[in-house]
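> Read off the chains here:
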Amino acid sequence: MADGTYPEGLLYHPEHDWCQIDGDVATFGITWFAQDALGEVVFFDPPTVGDTVTKDESYAEVESVKAVSDVIAPLSGEIVEVNEGLADAPETINSDPYGDGWLVKVKLSDTSEVDSLLDQGSYVQGLG
Amino acid sequence: MSRYTAVTPDDLKEMLATIGVASLDELFDALVPEGVRLERGLELPDGMTEQDVYDHLRALAAKNVSAEDEVSFLGAGMYDSYVPALIDMLVTRSEFLTPYTPYQPEISQGGLQVMFEYQTAISELTGLPVSNASVYEGPSALAAAGYLARLANKKGKFVISRAVHPHSRETLRTLAVGYGVEVVEVPLRDGVTDPDAWAAAIDDDTSAVFFQNPNFLGAVEDAEALAGAAKNSPAVVVAQYDPITLGILAAPGEVGVDVAIGEGQQLGNRLDFGGPSFGFFAATEAYLRRMPGRIAGETKDVDGRRGFVLTLQTREQHIRREKATSNICTSQALNALAGVVYLTWLGREGIVELGDLLLQRTAYARETLAAVDGVELLHEQPVIREFAVTVDAPVDAVLERLAAAGINGGYALGRDYEEYENGLLIALTEQRTREQIDALASELGAAVAAERATVGASA
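Each protein sequence line maps, in turn, to chains H and Z. Mapping of the first sequence onto the numbering used here: residues 10 to 137, in sequence order. Mapping of the second sequence onto the numbering used here: residues 6 to 464, in sequence order.
Just to be clear, a hint being listed does not mean it is correct.
Using 27 Å as the maximum straight-line C-alpha spacing, the simulated DSSO-like pairs for lysine-lysine come out as follows [unchecked claim]:
1. K305(Z) <-> K75(H)
2. K160(Z) <-> K68(Z)
3. K305(Z) <-> K64(H)
4. K159(Z) <-> K64(H)
5. K159(Z) <-> K236(Z)
6. K116(H) <-> K305(Z)
7. K162(Z) <-> K328(Z)
8. K75(H) <-> K328(Z)
9. K114(H) <-> K160(Z)
10. K114(H) <-> K64(H)
11. K159(Z) <-> K116(H)
12. K159(Z) <-> K75(H)
13. K114(H) <-> K328(Z)
Simulated from the structure, these hints should not be mistaken for laboratory data.
Required output: the full structure, derived from the provided sequences and hints.
Have a look at this one:
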């Protein structure tokens, strides 16, 4: 991916996370901008299923050849699934950040938090 | 005004005038609350002339007894092993002895190669795939393993055998307070970790379990059973080993140990009045990214030639800041170099032969001492290089009598274990001969008899 892509149907958090809402379950991932800034991802340190995540706080770590970065939760809830495929192929976060590179699925505890997220246009505008 | 500070009375006056106070007393009045002031001079002796100081220090230094000035049976974690001349020749080469860690480490390929070869040797010795380039010493290695476990599973309890070295237990307790983990100690039975109490202490909130093999009393633990007891818990299995015994004990990696750590002094480092030495740290691949310390890796340069790098540095504090796996981003490279030279000098067969030799000498010493009147074995578990007895007299007084005869009789266990008040821990190295063991037996018998007579006379 040479240039940044930011799908229309997703919601965004200013810390460069995306989420896709399906009822009361949301899929989280990091945006093209985030993976590009990190560089080649070599390790994803996931939370455990059953852990509680809190909006705006760190819930996992992504390690690239350059640094280790916290991943910020765009919404609050409980982890119901983690992307097991990333254990063997963490670089998927670079190659397909909105598809096979998703990180976790979360059962939301407060769906009203969704209103605070950005749509594609606002997020891209924030990137300048 | 002190002779050893460069400030003259004129300087002082000028500085005080600049900040607007009249005297030093006025300055301290303004700065130091009255309640915390000493209000008197320090009770220090008068100064001495340089020649008197020299004589005084020389007299103090003469009180030191080196391991080479006595026949030493003192071990308890550090051992008077022979250090071949080869090691001094290599570690004192200026390329190794003098440089500080280069800030661009790859410029120092020789240094990285030493680390890589050291790691390879430790990995083979422990049967675990990953080793770091060493940490400060054994106890901090054990405490660092606890932190690794805490980072990995976030559980709240450490279970540690009372037969783990007292220094390691103390260090773990000190650090565990900082990250909020409770430390539970499991008692001993017949000289080894009580297997029932051990199993009962491990639960779903156990972050790590720690045992030592051979344990502090010299006894060989059933490592496989101790590790197995933690199998159905989240606990990381940590074991502290005497590396010299790994030539004849099953490798930690083969009996279910996740993290093997220990003191490296006995590998090519002298006692040197207590240090410095190094600690080794090896783990299964699952904990690779949680390892403390530096790790050297093998790579190829642009022309395909073999080279070495510092790898996985994202764990370390210069990148990871407060989330680093350890705040020790150094290694004891020079001491670890002595360790890898020693292991290479011994070789695959040598380390087994050395283990066998220690086994036989220790068996002879144990049998000989057990036959002495007033001396009993503290436990009858299998041992390799160290064993414990109980003497029927105040052990410190017995040790003093032995010292007068030029023998260091070992470690008084009562210093750390109130339940073994007159316990004595006796260590063997390949330096101790049969004649010296016989001399220990006769001097120990005489010392115990003399102390019994003293006690009898004063009663």
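> Take the hints in turn and mark each one as holding or not.
Status of the hints after comparison with the structure:
For the given pair, K305(Z) sits about 20 Å from K75(H) by alpha-carbon distance, which is consistent with the 27 Å threshold. For the suggested pair K160(Z) and K68(Z), the alpha carbons sit about 48 Å apart, so the restraint of at most 27 Å is broken. Proposed proximity of K305(Z) and K64(H) is contradicted: the alpha carbons are some 44 Å apart, above 27 Å. For the suggested pair K159(Z) and K64(H), the alpha carbons sit about 21 Å apart, so the restraint of at most 27 Å is met.
As the CA atoms of K159(Z) and K236(Z) are separated by approximately 17 Å, the hinted pair is consistent with the 27 Å bound. A distance of roughly 46 Å separates the Cα atoms of K116(H) and K305(Z); the hinted pair therefore is violated under the 27 Å criterion. Annotation: proposed proximity of K162(Z) to K328(Z) holds, straight-line Cα distance about 21 Å (limit 27 Å). Distance check on the hinted pair: K75(H) and K328(Z) sit about 15 Å apart at the alpha-carbon level, within 27 Å; holds.
A hinted pair counts as satisfied when its Cα atoms are at most 27 Å apart, and K114(H) with K160(Z) qualifies at roughly 23 Å. Distance hint between K114(H) and K64(H) is fulfilled; the C-alpha atoms sit about 14 Å from each other, no more than 27 Å. A distance of roughly 22 Å separates the Cα atoms of K159(Z) and K116(H); the hinted pair therefore holds under the 27 Å criterion. A C-alpha spacing of about 26 Å is found between K159(Z) and K75(H), which places the hinted pair at or below 27 Å, so the restraint holds.
Restraint check: the Cα-Cα separation between K114(H) and K328(Z) comes to about 25 Å, which is no more than 27 Å; the hinted pair holds.
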